[in-house]
Amino acid sequence: MVNQEQKIKTLLEDMELLEGYTEDLFSFAPLPLCFINPAGMVLESNPAFESMTGYNQNEAVGEKLSLFVNDEYLKEFLNKLIEKGEINGEEILIKNKEGEDIPVFIFAKVRKTEEKEINGIFISFFDLTEIKKKEAEIQKNKKELEEKIKEMEKFNQLVVGRELKMAELKERIKELEDKIKKIEG
Amino acid sequence: MEYEATQEEIKRLLEMKGDVRGIVFKTDYLFVLDKFGEEGVKKVEQEIEKMGYSFSYKKNINSMDFYPIGLRAVSLLAISKVFNFGKKEIEEMGKVAPKSSIMVKFFMRYFLSIKNIFDKAGEMWSKHYTVGELEAFDINMDKKYAIMRIHDISLHHIFCDYLQGYFSSIIRMGIGEDIIAERTKCIHRGDDYHEVVLRW
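Top to bottom, those sequences are chains F and E.
Under the working numbering, residues 1 to 185 are what the first sequence spells out, in order.
Under the working numbering, residues 1001 to 1200 are what the second sequence spells out, in order.
The following block holds chain F by itself, in its conformation from the complex:
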């Protein structure tokens, strides 16, 4: 028979495991995540969010999301969320601690009470920085390639033009030689 004290001990151990489990879910998520209230205040953030923005948990939690996103966009974003209930992959710019713009896809979903009142919003981000860098690189390469093609075309035109001129000149020389022969003959 398990006594009351042992039961409490087991329950406390289980609660500690549960605490670790919920913390790990959020902490180990590779994508930047945060949880905000309907007023736009950050109530929770994970380490991936902290490395993306440069703000640690103590600096990010308790701040408005407008610390990271444009105020106008935040209003629009919250209105859209209230209307639709979720946002799936909208491209926006967020500002990090250094003031640099980071391109991201934003995903958000509202959490509602049983009375259908919104009591929180889960947000995740997909950092597009590397993709944008690659895109810019591809664009640069494409432009360089186009310029090379143009140069080649120009060169080709020049070469072809020169060939035609040579043929023309040869023709002319032949005509003149024929004329000379006639005069001499």
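In short, the hints are calculated from the structure, not lab data.
It should be emphasised that the depicted structure is a prediction, and the values quoted were computed from it without experimental measurement.
The hints are all genuine.
Here are the simulated BS3-like pairs of lysine-lysine, each with C-alpha atoms no more than 30 Å apart in a straight line:
no., chain 1, residue 1, chain 2, residue 2
1, E, LYS1035, F, LYS95
2, F, LYS80, E, LYS1105
3, E, LYS1105, F, LYS112
4, E, LYS1144, F, LYS112
5, E, LYS1105, F, LYS84
6, E, LYS1042, F, LYS9
7, F, LYS64, E, LYS1105
8, F, LYS75, E, LYS1120
9, F, LYS64, E, LYS1120
10, E, LYS1115, F, LYS80
11, F, LYS75, E, LYS1105
12, E, LYS1105, F, LYS95
13, F, LYS109, E, LYS1120
14, F, LYS9, E, LYS1059
15, E, LYS1087, F, LYS97
16, E, LYS1035, F, LYS64
17, F, LYS9, E, LYS1058
18, E, LYS1144, F, LYS116
19, F, LYS75, E, LYS1144
20, F, LYS9, E, LYS1127
21, E, LYS1105, F, LYS9
22, F, LYS64, E, LYS1127
Let chain F serve as the given structure and place chain E on it in line with the hints.
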């Protein structure tokens, strides 16, 4: 040194009736770890041992378990002594604590507005402490203030400074504006209860 406590006072604290949940020590631990690393944590634990209580934040503390209420003040006193913390730093500790507290996360669903937080304040207190009572006394949205009162608990004034920061951080989470907190009444100054006025 802003916070002093004699051996008799520490003894009184450690013999006080009532319990506190381990989560408060976890937030202390995370604060010290963040600012001073493992070495800092060790120094604080040594200081607590000097005060007469053997204690390891990491090994002995379960967030959900109950510990002697006086240890709440002892932990803060040890931290203030080791790092020479004054009122400003202790208030800062209080401000940071709700940001990493699992207990506060349980209540996040109520963080819709300052009114909701205010209504749940008493419940939040009783989840942390088995003694004392937090009364959400008054809130005025037009005049932008809220008044919190704490009854029937007398630890040490370091705890009052800590709570001042704690309350302002919780209220800020709901309202999104900077909070100016002022302790207008305190049992340690001869009043019948503690009172904190929070303005935004």
